[in-house]
Amino acid sequence: MNIDWLSAGALAVVILLFAVIYILQKKDVNFTYIVVGALAAGVATGIVFSGHTSWVMPIGKIYVSTLNAIVIPLIIVSILSSITDLSSAAQLKGIGARSIFWLLMTTLLAILVALGLGLTFGIGRNSYLSLDGLDAQNFESKVVPFSQVLVGFFPRNMISDIADENIIPVILFTVLIAVSYVLVANNNREKVVIFKNFIEAVKEIIFKAVDFIISLTPYAVLALVVSAAGNGASRSGIVWSLLVLLIVSFIAFAIDTWLVNAVLLKAFAKLNPIKFFRKIIPAQVVGFSTQSSAGTLPVSTGILTQKIGVDAKVANFTTPLGTTIGMPGCAGIWPVLIAIYGIHGLGINYGIKDYILLVVISLFVSLGTAGVPGTATITTASVLTAMGLPLELIVLSIPISAIADTGRTATNITGAMVAAAIVGRQENSLNDNIFNDIEAYGAGSGDADGSAGGGKSAGPVDAAPGL
Amino acid sequence: MGIIAHSEYIQKGIIRNRSRLKAVFLSAAIIALGLAVSGGASLAYAAPPLEDCDLDGYDDATGVPVPWPGYDETKGDTPEGPGNGKASVATPTAVPTAAAVPSSAAIPAEAAAPTRVPTAAAVPTAAAVPTAVPTAAPAGISAETSTKTSTAAPAEGSGRTQPAGSGIAPDSTGRGASGNTGSAASDSTGNPAPDSTSSAEDGNASSGASGDTDGNISSTASGNTDSAASSREKALQNGDEQAGENREVADTEYAGTAADELQAIVNTKGEIEITEAAGSLIHAGSTVIISGSGFAGNVPNLGIELQSEPLQLGSVASAEDGSFEAQVNIPRDLEAGTHNIVVLYQGKEITCREIEIGPRAADSFLQAITVGFTKDNKGLLPGLSILAGLLILGIVTLAVTAIHPGRRGKEGEKRL
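Note that the protein sequences, when read in sequence, are chains A and B.
Residue numbering for the first sequence follows the working numbering, starting at 2 and increasing by one per position.
Residue numbering for the second sequence follows the working numbering, starting at 42 and increasing by one per position.
These are computed hints drawn from the structure, not numbers from a lab.
Be a bit skeptical, because a hint or two may be false.
Mimicking BS3-like on lysine-lysine, the simulated pairs with C-alpha atoms at most 25 Å apart in a straight line are [stated by the list, open to error]:
no., chain 1, residue 1, chain 2, residue 2
1, A, K209, A, K28
2, B, K310, B, K416
3, A, K62, A, K209
4, A, K354, B, K419
5, A, K94, A, K62
6, A, K354, B, K310
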């Protein structure tokens, strides 16, 4: 039996590097540094063992498969958890509806910005992507007529939709169940408290599973990059195109964070954008470094209530909701750019209808996200799957995704805080005196719960905050 | 002590030198022995050239069977064909198969089996009747027969010489055939047979005369020997001349069959599949794999060309089932657009397939970042339109909200 000793050697080196990664994780080294280090080590190993990396390839494929497997469970529990957190139908109509609307609006605008920039820069053009097992010359994405797509949005059989990875029907059906829960709970909470507890328990489990999968990212990056470099995928066309993708993504983050949000703040929250951005810098920095929207929540809600003047009720509802719905960076900009990159790189002919479908699908997918590091990878997988594009595109983007995650998280946090400020304004729950530094937080009405002073909503006081 | 030590040293040195000398001598002996053995083996292997002057099919000196009666290595004959400068024509190997030359194969069926130079079969006849006339008289027939025979015979040879399955060398056939066609045509026009006949007769006359002359001196003792030798010489000469005739006529025949084969190969329209070696889109500078099927089998030197501008990409040989696979490189400086991949044989197109070739991959950061700002990017205008639309929407929104400040504005004014 002939053994390819070089392939065995490549696998041995990769396993050794896995051990190094494990040790670094145990020592709590920054996640981004580990991923970037894995990227560099993977490139070097792939070049050294060029042409003999077939034994390493299955590791990356397993990761991509596992990622794909967690997408639908995560979407379902995220949506159920978010919407069922609304304690009443009134809240669903009031703060809930406004929050969901503005979170989706910020995401929609981010999607359009990404689409415009991606098409203008032609990201992926002349990169001639070579994906393992894919023949670009004969690739045909599963794009169907728009009318059929529209009909296909609506669920017919949940089991088959889940099995076929039809994301939109799954989302719509889940929203239906969640809204139904709220309506039933509005009349008789005790009847459905078991369901709520079950959802929360499943959510904890799924989030933990996601945490585990995402923690495997450095290992996956190493294995995937070794395979890619070993197969000659480190061709200059692909490398430069990925770099351009990274740059364009940061341009999109910047435009969305500071231009689009500035217009929204000025037009709908009636706040000075410059002052607002200066006040939320600490939250952006924390998000930038932790790459976790959920991890930045305490800082975000604190700044909203104490510096911006948003009522705690609104801040404690909209901002956490923003970690599961919306997320302009992770669910808006990034998946769209990856999709466009793949469309150009594979030479797929997309028309206007196809791009409209991309926008709609990205918006729907943003309904079910998780505020954990690497959630962009999952949302991207959802969008690619729904669009019929190869998941292997994620493989190419993982190395730069770790770098882009910093900008993505900052964009997510800013978007959520802007939505909260707008909802606060529309609910009359925003204290301009606090925003203008005329008065300090808590120095107004002196409420024990620290709610904002003047400008407080005259509407009904809800029993409990959103989260 | 010093002297003793010195002498011991010298003695040791002498002993050491003797040892060295022994080693050197032994090594030289071994080398010489090896050379001698190998040289002797090569000498032993290099047997004297084979000659079959008596046309009995065996070497005159050793009795070793020869490829054909009259085979003479001293004249440059090889098992593939006669010598005298015509070995390169390789007409015995030029013709692909008997099947490819059906008409000619039908006739020489009986003569195809025995020998490469079937005229040799006729030569013994010439030996029995030393004049070349009997063989020359039916020159039209026998020559034709022998030609067709030798046409068929080389088929066997081609199978043997190219066992890899590519079989034949039609190119050489074609070229050889065309070259020899011309010469054969002129020869046949010039009626070579009677010439060779007359020259044979002349030879016979001269040899006969010389034999008679010589016989005055040694006829008593070796008259019979001399006459036998002279008859052998005559027969040999006749054989050579007739072999030459047959080769020329055979060339003509080869030329005809080669043209048929060429047409047959060209008419066997195959199909080709073109894929990029790495699985990406085909573009300038990429490597593509061209897979063919349904072509004529065992055809070497199928040319692969890129057209819009004729550009030779490479050549490939088809397998027995008419399939092939070739990996070729698309030139880096090729203009993007629609081109054709053409498979041809000896300049004649067999099949053609249109392909779309993209521009060269972005090899630098500058190229990658500016790739969108070219006329080829159909998304440039829509992208700019989207961005412009967002900008306009933002400006309009600000303007509208500034004009109609809404509830907050009024409350704010009241507070102030």
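The hints, checked one at a time:
1. K209(A) / K28(A): holds (20 Å)
2. K310(B) / K416(B): Given pair K310(B), K416(B) is violated - Cα atoms ~39 Å apart, limit 25 Å.
3. K62(A) / K209(A): This hinted pair holds, its Cα atoms lying about 22 Å apart.
4. K354(A) / K419(B): Since the Cα atoms of K354(A) and K419(B) sit roughly 15 Å apart, the hinted pair holds (cutoff 25 Å).
5. K94(A) / K62(A): Violated. K94(A) to K62(A) sits at ~44 Å, over the 25 Å cutoff.
6. K354(A) / K310(B): Violated, at about 41 Å.
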